[in-house]
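Q: Here is how the chains run, residue by residue.
There are 2 protein chains.
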Amino acid sequence: MSRQFPSDSVGLVHPRTVHFDHPLQLSSGETLTTYDIVYETYGELNPARSNAVLICHALSGNHHAAGYHDPDEKKPGWWDNMVGPGKVIDTDRFHVVSCNNIGGCHGSTGPATVNPDTGIPYGPDFPIVTVQDWVASQAQLADFLGIEQWAAVVGGSLGGMQAMQWAIDFPDRIRNAVLIAAAPKLTAQNIAFNEVARQAICSDPGFHEGRYYETQSEPWRGLRLARMLGHITYLSDDLMSEKFGRDLREGKINFDYGVEFQVESYLRYQADSFAGSFDANTYLLMTKALDYFDPAAATGGDLSAALKDVKADFLVISFTSDWRFAPYRSREIVRALHDNDLNVSYAEVESHQGHDAFLLKIPQYLDVFTAYMDRVAASC
Amino acid sequence: MSRQFPSDSVGLVHPRTVHFDHPLQLSSGETLTTYDIVYETYGELNPARSNAVLICHALSGNHHAAGYHDPDEKKPGWWDNMVGPGKVIDTDRFHVVSCNNIGGCHGSTGPATVNPDTGIPYGPDFPIVTVQDWVASQAQLADFLGIEQWAAVVGGSLGGMQAMQWAIDFPDRIRNAVLIAAAPKLTAQNIAFNEVARQAICSDPGFHEGRYYETQSEPWRGLRLARMLGHITYLSDDLMSEKFGRDLREGKINFDYGVEFQVESYLRYQADSFAGSFDANTYLLMTKALDYFDPAAATGGDLSAALKDVKADFLVISFTSDWRFAPYRSREIVRALHDNDLNVSYAEVESHQGHDAFLLKIPQYLDVFTAYMDRVAASC
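Chains as they are written, first to last, in this note's numbering: chain S, 1 to 380; chain F, 1 to 380.
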């Protein structure tokens, strides 16, 4: 008997891969001569080709945003809360495209891919890519799919940075940009957390300077630490207190270094699960793309000037308890957009879930996001 | 030519060690049969023995709070800003005692000490000690020094927790407790950061389950990571932005994993310096003492009830930008003290330096602290 998926699920989905054999010039000056991008689509492209929505993923995300890869898959795609028939990003009305970014570890060309020039995996030779490079490669994907202009480019966190870059680099190819829990650039503290994560990976003896694919070892210890640390910054202090408080796993203190507090158990579980399914070189790359993102750098730190050619309308959403990219970071973006007389909707959503709130079904968030996407759909 | 120390310095100081050969019963149920405590004193004990002040150190501190160990020492003790002739803790008026806590790595009995029962260093067999255990051992030291009652017990961060525990456990032996940048217990987020630090150390192949003293390796990678992470939580986002911003070390992005941003360089330097002078097993112990501290646990979470026998007067100080132990944590303590009709002075100091502000000469902080210590001195 075949499985019944919920009626608001896109159901079974099949990733596809497109191979590009024209070179991609990267921000670093290096060139990727050929590359693959793996992607999924949900919903039909309309005859006018005007209803396409691009979803950009964050640090640990991938192309699998919604639905199920096989009938037995327990967890749907990472943004299934938002994407499906009748959902916020309504696949009855939109043709949704979601791809794994280059440098990733879920099918698109990245450090674990065999380098055609050497016959072994790129490893540390894979060039460091930037948000701009991702947007350039996503534009190639759009060309391939016959999508001249996105109805919207949407993303949370690092995904929101890509949506912003789209509006800057391709003002004629994007009608709406949705930036959720994003920031115009990282602070020194943000960079510091990323640096500790990178040091955890690079100092792991299993890292072998990034050439661990050819060895029996992997830098899983470092990747575990990086994920634990990241995870703390994704949650608010309040949410952690509510979820775990000072609850003891066995109801008593054991005076040893095993798991004592529930929060320790949770972190270890998250870390183990992540380290088993993610590539350390990709983690390094993603944190660098975050650190480097700073569209205002080209205009001497003037974000308004960096946005002067932008034409898209914007929805910007932040969450009150997000201390990774706090609301004031979103307001910086909103102010710079206003300086350019652009149409901007901004919502600061009351929530206690921290940065990860962008993944969750929070009523005020859903309301604002739905209302905006309804307007986008109406104009397709 | 002998070096001239500043006139407000205690100058050259000589640590002393006292050996205790009566057993110390620990919270864990284990017993330390014999132990040493290393300590320093500054200023003279008055004939009435009423002017003694105990300084309790925080996670990475030690007994060397003020002055210099030799004429060539570049940096004075860790709280030299506060302790000296004419300073806040005025050694012309107070007899100041500062000791290294047991479990430490600066001379008091700890994991690196040879276990008399086995002839090898304790390593992981050194029992996990608590704030209560430290206070009990400090009481032994007070007995040895002939100090029946402290004019004040003073500490920042974990040191403030010890001052609080003194007031609870020995209400007749402490007239004033000064708690700076402290908290009545750790939150889940605080514990989570400690857990990542512990995992960094314990997962380091050089850790050898804590028995690295007998090997050629040391868990310095893990200790470096622990310190980097700790350091981020000691500074505020604002201070990091002011100190480093997004400044690049070489003025340009290099697209590699070397040091690029100034904040990365700073963190690596701090970590290297710390890992070369601190013991990983001690770091583990200290974080556990922090996690376990929760005086209200014995009274079902009711902090006011936990403080019911306290007699001391209190000065409680917090710093607005401290996100490790934010002002609201200090206010919890203040409320519980008020519930018991105790004399409490509370100051929330405006500062952008984060948790580490307690080490710095911030005018409002100095004013409040000095005024209080003047009152303490007047009553000696």
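What the hints contain is simulated information worked out from the structure, not anything from laboratory work. Mixed in with the good hints, there may be bad ones.
Pairs involving identical chains hold if they fit within one copy or between any two copies, as the list cannot separate such chains.
[Stated by the list, open to error] When the alpha-carbon atoms are kept at most 25 Å apart in a straight line, the in silico DMTMM-like pairs for lysine to aspartate or glutamate are as follows:
(1) 361 <-> 302
(2) 75 <-> 214
(3) 361 <-> 339
(4) 252 <-> 209
(5) 243 <-> 350
(6) 252 <-> 80
(7) 75 <-> 256
(8) 308 <-> 242
(9) 252 <-> 339
(10) 243 <-> 21
(11) 361 <-> 148
(12) 361 <-> 36
(13) 311 <-> 272
(14) 243 <-> 36
(15) 252 <-> 302
(16) 185 <-> 21
Q: Hint compliance check: list the failing hint numbers for this structure, sorted ascending.
A: When the structure is compared with the hints, numbers 1, 2, 3, 6, 7, 8, 9, 10, 11, 12, 13, 14 and 16 turn out to be violated.
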